[in-house]
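**Q** First to last, the protein sequences are chains A and B.
Positions in the first sequence are counted from 1; adding 1090 to them yields my numbering.
Positions in the second sequence are counted from 1; adding 1090 to them yields my numbering.
Warning: the hint list may mix true and false statements.
Stated by the list, open to error - A few chain B positions that, by computed beta-carbon distances, are all more than 10 Å from chain A: (1) Y1097; (2) E1211; (3) G1241; (4) L1242; (5) D1255; (6) P1291; (7) R1370; (8) T1372; (9) I1373; (10) H1403; (11) E1412; (12) D1420; (13) R1435.
Unchecked claim - Simulated restraints on C-beta separations: (14) Q1417(B) x R1265(A): 36 to 46 Å; (15) E1416(B) x E1473(A): 27 to 37 Å; (16) S1258(B) x V1254(A): 30 to 40 Å; (17) R1410(B) x F1247(A): 54 to 64 Å; (18) S1165(A) x R1410(B): 24 to 34 Å; (19) D1351(A) x E1416(B): 28 to 38 Å; (20) A1481(B) x F1247(A): 36 to 46 Å; (21) E1412(B) x P1231(A): 50 to 60 Å.
Simulated from the structure, these hints should not be mistaken for laboratory data.
C-beta: ideal position from N, C-alpha, C; glycine also.
There are 2 protein chains.
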Amino acid sequence: MSTFELYSDLRVDGTRLWNSIMEMAKIGPGIAGGSRRLALTDEDKQGRELFTQWCADAGCQIKIDDMGNMFATRSGNKGDIAPVTAGSHLDTQPHGGKFDGVYGVLAALEVIRTLNDHGIETHAPVEIVNWTNEEGARFAPAMISSGVYAGLFEKSFAWNRTDVDGKSLKSELERIGYLGEEPCGQHKIGYLLEAHIEQGPILENERKPIGVVTGGQGQRWYDISIAGQDSHAGSTPMPGRKDALVAASNIVAGMQKIANDHPPHGVCTVGEMHVEPNSRNTIPGHIQMTLDIRNPDQGILDQMTREVEQLCHSAAAEQRCELMLEQIWDCPPIVFNEDCIDAVRSAAEHLDLPNMKMVSGAGHDACQASHAIATSMIFVPCEGGLSHNEAEYATPDDLTAGANVLLHAMLALSSLRQ
Amino acid sequence: MSTFELYSDLRVDGTRLWNSIMEMAKIGPGIAGGSRRLALTDEDKQGRELFTQWCADAGCQIKIDDMGNMFATRSGNKGDIAPVTAGSHLDTQPHGGKFDGVYGVLAALEVIRTLNDHGIETHAPVEIVNWTNEEGARFAPAMISSGVYAGLFEKSFAWNRTDVDGKSLKSELERIGYLGEEPCGQHKIGYLLEAHIEQGPILENERKPIGVVTGGQGQRWYDISIAGQDSHAGSTPMPGRKDALVAASNIVAGMQKIANDHPPHGVCTVGEMHVEPNSRNTIPGHIQMTLDIRNPDQGILDQMTREVEQLCHSAAAEQRCELMLEQIWDCPPIVFNEDCIDAVRSAAEHLDLPNMKMVSGAGHDACQASHAIATSMIFVPCEGGLSHNEAEYATPDDLTAGANVLLHAMLALSSLRQ
Chain A
1091 MSTFELYSDL RVDGTRLWNS IMEMAKIGPG IAGGSRRLAL TDEDKQGREL
1141 FTQWCADAGC QIKIDDMGNM FATRSGNKGD IAPVTAGSHL DTQPHGGKFD
1191 GVYGVLAALE VIRTLNDHGI ETHAPVEIVN WTNEEGARFA PAMISSGVYA
1241 GLFEKSFAWN RTDVDGKSLK SELERIGYLG EEPCGQHKIG YLLEAHIEQG
1291 PILENERKPI GVVTGGQGQR WYDISIAGQD SHAGSTPMPG RKDALVAASN
1341 IVAGMQKIAN DHPPHGVCTV GEMHVEPNSR NTIPGHIQMT LDIRNPDQGI
1391 LDQMTREVEQ LCHSAAAEQR CELMLEQIWD CPPIVFNEDC IDAVRSAAEH
1441 LDLPNMKMVS GAGHDACQAS HAIATSMIFV PCEGGLSHNE AEYATPDDLT
1491 AGANVLLHAM LALSSLRQ
Chain B
1091 MSTFELYSDL RVDGTRLWNS IMEMAKIGPG IAGGSRRLAL TDEDKQGREL
1141 FTQWCADAGC QIKIDDMGNM FATRSGNKGD IAPVTAGSHL DTQPHGGKFD
1191 GVYGVLAALE VIRTLNDHGI ETHAPVEIVN WTNEEGARFA PAMISSGVYA
1241 GLFEKSFAWN RTDVDGKSLK SELERIGYLG EEPCGQHKIG YLLEAHIEQG
1291 PILENERKPI GVVTGGQGQR WYDISIAGQD SHAGSTPMPG RKDALVAASN
1341 IVAGMQKIAN DHPPHGVCTV GEMHVEPNSR NTIPGHIQMT LDIRNPDQGI
1391 LDQMTREVEQ LCHSAAAEQR CELMLEQIWD CPPIVFNEDC IDAVRSAAEH
1441 LDLPNMKMVS GAGHDACQAS HAIATSMIFV PCEGGLSHNE AEYATPDDLT
1491 AGANVLLHAM LALSSLRQ
């Protein structure tokens, strides 16, 4: 008998989940309805303390590792099995919303509260994780603690990351009392799930409350520098110009075409551009810009990369400019674990929730952790695809649906290894 | 008998001219070989004092008007004729060169020194002008005092311009002792010439030491604002994007094409662009940019303007962005005075100096003053067309050639009205 058949009527308390999210959002309130709870600040400490209190009330045992990752465990009835863990992060962007990260942690808490309400025992322990500094807004790079957990970053590298005031991640962990003793990565996890708002428009457009996440886009990041020549906008005829902004603009226009040529997943973005000397009357002699290429298929990602690199060289040469093109990050496509994907999809099907398989465009702790643990994710829609914005919003119904999928997926996974 | 026939062997002292330019450059020395002598600073005061000393030594009478414009006059032998005036400005950009403006003032001084050396009398008085705050680097807008002189700006508007510290132009005129009594615009000028480095590459490319300037480009300046939507670079598929930077880039690429379609004088430049939120990981939701269109022909300028406006609207619409397009300045093409142009051209021809007619791409005091006075300009090449840069350079030979043209053009004009 499947766990769903056993507990087919079991549902989370959507109101309790919503109220917990609203309660957490009061810590480090944003100026526009969101939250500002940067990693390892006093606000993050307060958020962690509220979370600890809630976990203790739910009968969980709490462990902190030496990256400040928090594991709140509800024992299983077979003590030697690694837990089925779900969670995300409680830190936010400077002008962050109420849901990004927080939902994943509190949906996992709601699962445990629901199990408690109904006195349900599981084989494997069920566990909540709160990863430290997912956002990277205070300490770059993002997803650093799940990265250390999975062996993608050295701990010494992570500990030595500093914020704008020069304070190190390790010293701030110590200061707020969250530098645990257990070495990060040592804590065993059997399966990992992460519920998260989509941060994109696909589920909303498709009118589906559940995204079954099968993996993550591969990404390549570039820093691009274009050197032309500053000259007078009035007295320099067109033929002699070395206009770095024209070269940069042809790259932006061209990268859009390359992405459009690789549907449906291909995306390219220039998010950052600095123009020098940035004066109305002067032809720009220097541009510094970024370029971000993503695709879930390694072959297509490679093809897009070749096309983008060729575009950059020809666009610069056409304007007689010098190009410096540096690939600063190469993250291969991520493929999640089949058992975890199946658990999520089956739960959505059993619950009669319209769902679709999808690829995560954004990076998540689950993507990092998937290098070491069997993992998948559950996406729920967010209004207008908006995120990293205080106006970020998800409906109580969709958040409840996602938590119910998480509940039944965790139950299924908790009996998978016996 | 023409003045050239009378004085066909008369030449300026190129070494004295060069040495004076080098001497002036020592006041407010730049960090990279240029000058930093912003309008109405202590350095500008020192520059004015050195200039005053030189003019007094050359037997000139000096008058200051209430915009701080300085007129140093060598009397003619027919007292009732308005002077033939030449000059430019002694103020510089923050990282300015040694030649921009300074050359025009000191070439006119060299003309008077040469006349003195040879005891030559002129019918009309011959005069040097130093216009206040041409660069606009300290008080915007540029060319403000020649503008007040020609009635393009109200004096009260000009007096109330403030620098970054909130100090007004008038209070700084008072502070350095250059708030004269005569109302600006009252001082009579018969003909006005301005010698200047080209600030562009044309003469250098054409290997001609003299540009006979027939007028100035018409200019239109726009402020452009494009509103799209910030969204996540990873999780927002291409079709739903409102990428303001893509729209802006298509405008930059398109404006280059429009300029190229209107040779040889048509130029378009986007010099300034501000990207928001300017984050690697976020599709830019907002762009603020400038656009500058120039052509010496009113009809072509109008045609280019229509094409650029249409481009902006369609580029924004294509990316589902909102456009705000504001024309903030409309300066019609300037046509210089035929007598003045002839005087310059004839002098160059008499002196066997290769020359070409050209249009000034940049704005100059002469362009402003031409609204009230018969005017022309003499351009000399500058290395690589480089200006507004401490590395700005012109050869002693070219500077001397330009000053000789100025000498003979002023002599011709000084006998024109009797």
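**Q** Hint by hint, say whether it matches the structure.
**A** Results for each hint:
The Cβ of Y1097(B) sits about 32 Å from the closest Cβ of chain A, beyond the 10 Å cut-off, so the non-interface label holds. Here E1211(B) stays apart from chain A, with its beta-carbon at least about 38 Å from theirs, past the 10 Å limit. Non-interface status of G1241(B) relative to chain A is upheld: no Cβ of that chain comes within 10 Å, the nearest being about 23 Å off. Interface exclusion of L1242(B) from chain A stands, the closest Cβ pair being 18 Å apart, more than 10 Å.
At roughly 21 Å, the least C-beta separation between D1255(B) and chain A is larger than 10 Å, which holds for a residue marked as non-interface. P1291(B), annotated as away from the interface, has a beta carbon of chain A within 10 Å; the closest lies near 5 Å. Under the 10 Å C-beta cut-off, the non-interface status given to R1370(B) relative to chain A is violated; the minimum distance is some 4 Å. With a cut of 10 Å on Cβ distances, T1372(B) falls inside the contact zone with chain A, its closest approach being about 5 Å.
Annotated as non-interface, I1373(B) brings its C-beta within 10 Å of a C-beta of chain A; the closest such distance is 6 Å. Interface exclusion of H1403(B) from chain A stands, the closest Cβ pair being 17 Å apart, more than 10 Å. Distance check for E1412(B) against chain A: the nearest CB is about 16 Å away, which clears 10 Å, and the non-interface claim stands. At the 10 Å boundary, the C-beta of D1420(B) stays outside the reach of chain A, the nearest C-beta of that chain being 15 Å off.
With a closest Cβ-Cβ approach of about 20 Å to chain A, R1435(B) is found to remain outside the 10 Å limit, as its non-interface label requires. At roughly 55 Å, the beta carbons of Q1417(B) and R1265(A) sit outside the given window of 36 to 46 Å. Between E1416(B) and E1473(A) the CB atoms are about 32 Å apart, so this pair conforms to the stated range of 27 to 37 Å. A C-beta distance of roughly 37 Å is found between S1258(B) and V1254(A), which places it inside the suggested range of 30 to 40 Å.
The hint said 54 to 64 Å for the Cβ distance between R1410(B) and F1247(A), and at roughly 42 Å that hint is violated. Between S1165(A) and R1410(B) the CB atoms are about 53 Å apart, so this pair departs from the stated range of 24 to 34 Å. Checked against the hint of 28 to 38 Å, the pair D1351(A) and E1416(B) passes, with Cβ atoms roughly 36 Å apart. Between A1481(B) and F1247(A) the C-beta distance comes to about 42 Å, which sits within the given range of 36 to 46 Å.
At about 34 Å, the CB distance of E1412(B) to P1231(A) disagrees with the hint of 50 to 60 Å.
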